[in-house]
Amino acid sequence: MPSKKLSQIGELNLLKELQKRFKKGQHNILIGIGDDAALLKPPKEDILLTTDMMVEGVHFDMDYITPYQLGFKLVSINVSDIYAMGGTPRFLLLNLAMNKNTSKKVYDSFFNGVEKAIHYYKVSLVGGDISSTNIGMTLSATIIGHAKKHIRRSGAKVGDKIYVTGNLGDSACGLALLKNIKTPIPLEKTNILHSKLLAKELKWKDTEPLLRRHLLPLARNPKRYVKYATSMIDISDGLLIDLSRICDESKVGARVFIRNIPTSPGLKIAASYLGISPIRLALSGGEDYELLFTAKENKKIRAIYIGDITESERVVIDISGRKRAFSAEGYQHFGAYR
Numbered sequence: 001m002p003s004k005k006l007s008q009i010g011e012l013n014l015l016k017e018l019q020k021r022f023k024k025g026q027h028n029i030l031i032g033i034g035d036d037a038a039l040l041k042p043p044k045e046d047i048l049l050t051t052d053m054m055v056e057g058v059h060f061d062m063d064y065i066t067p068y069q070l071g072f073k074l075v076s077i078n079v080s081d082i083y084a085m086g087g088t089p090r091f092l093l094l095n096l097a098m099n100k101n102t103s104k105k106v107y108d109s110f111f112n113g114v115e116k117a118i119h120y121y122k123v124s125l126v127g128g129d130i131s132s133t134n135i136g137m138t139l140s141a142t143i144i145g146h147a148k149k150h151i152r153r154s155g156a157k158v159g160d161k162i163y164v165t166g167n168l169g170d171s172a173c174g175l176a177l178l179k180n181i182k183t184p185i186p187l188e189k190t191n192i193l194h195s196k197l198l199a200k201e202l203k204w205k206d207t208e209p210l211l212r213r214h215l216l217p218l219a220r221n222p223k224r225y226v227k228y229a230t231s232m233i234d235i236s237d238g239l240l241i242d243l244s245r246i247c248d249e250s251k252v253g254a255r256v257f258i259r260n261i262p263t264s265p266g267l268k269i270a271a272s273y274l275g276i277s278p279i280r281l282a283l284s285g286g287e288d289y290e291l292l293f294t295a296k297e298n299k300k301i302r303a304i305y306i307g308d309i310t311e312s313e314r315v316v317i318d319i320s321g322r323k324r325a326f327s328a329e330g331y332q333h334f335g336a337y338r
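In terms of the working numbering, the sequence shown has 133 at position 133, counting the first letter as 1, and numbering is strictly consecutive.
The set of hints was computed from the structure by calculation and includes no laboratory data.
The beta carbon of each residue, even a glycine, is placed where N, CA and C say it ideally should be.
Among these hints, one or two may not hold up.
As the list claims (entries may be wrong) - In silico lysine-lysine, DSSO-like type, Cα no more than 27 Å apart, as pairs:
#1 K300 <-> K161
#2 K223 <-> K323
#3 K223 <-> K149
To be verified - For each label pair, taking beta carbons as the anchor points, the in silico distance ranges come out as:
#4 R21 <-> E313: 27 to 37 Å
#5 K20 <-> H150: 33 to 43 Å
#6 S272 <-> N13: 48 to 58 Å
Construct the entire structure; sequences and hints are all you get.
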């Protein structure tokens, strides 16, 4: 039996269904989904607010991603912004515009992804809005969190060390693979042999982590870094552009050593097959959602050292020791990169 269209169900019924589905929440939710506004008991720490949009044709293409993955990713990218300031995410507001002819199956799959993500991050959906659109899908999420000690982009000092929390470039390489495969890969379904979609030169064990980093990203929890960090940002648009943001806000420079940039074995294999520089992907690929932070040198910091904060010089130093000035390379809306 074919799935009903959203227009056949109606906004009120869809909202009632969401109210029932996401009724359970935290004890400090006084009023959740169903009223004109959510009513929350405020935490005793500083409150953090962040919002992000995802627009079809700009941030995602349904030829490469499933509705489930889209829902999961929308939550993750917003959680990542709260984490980047050293905070704990708590509440989610979600706005969704879909074509009225969208099937209920697609809608349900999207919220399955949202539900999986909010359970993973221990976040509660407390409200939002749904609407119809005659163009591509538009998504927006707002997350409310709190922090005992917040970390800003503006705290880096000359002499600080620069760290990242994991491998870079995997997500961008995963996207390049998806464009090569030209079909969504439902990683959330474990009973499908996805490896049949790959070129014979590639192995699933090498490529699956790259695809997962792009389609089902996990934001990096800052808990072990907060007490050391002088500045912090999440790597959403690319290492160099996000490092440039720290430099701009802190009014400093940076020196980055190519030999120290962490990349996965799978990235090197897949990038070679695709004819793309793995270092280029690591420096400006984006959507890694690792944390980039600065701190005074400390052996207890369990992160990867990639460079130093300088007075003004902004350079990348290659393996042979040659310097190259860097600018804000990465994804920019209304910009020339990507």
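Structure-based check of all given hints:
Taking the CA atoms of K300 and K161, the gap is about 13 Å. The hint holds against a cut of 27 Å. Using a Cα cut-off of 27 Å, the hinted pair K223 and K323 is violated, with the two alpha carbons roughly 34 Å apart. Proposed proximity of K223 and K149 is supported: the alpha carbons are some 11 Å apart, at most 27 Å. Against the hinted window of 27 to 37 Å, the Cβ-Cβ separation of R21 and E313 comes to about 53 Å, which falls outside the hint.
About 36 Å separates the C-beta atoms of K20 and H150, a value consistent with the hinted range of 33 to 43 Å. For the pair S272 and N13, the beta carbons lie near 51 Å from each other, so the given range of 48 to 58 Å is met.
Of the numbered hints stated above, those contradicted by the structure are hints 2 and 4, listed in ascending order.
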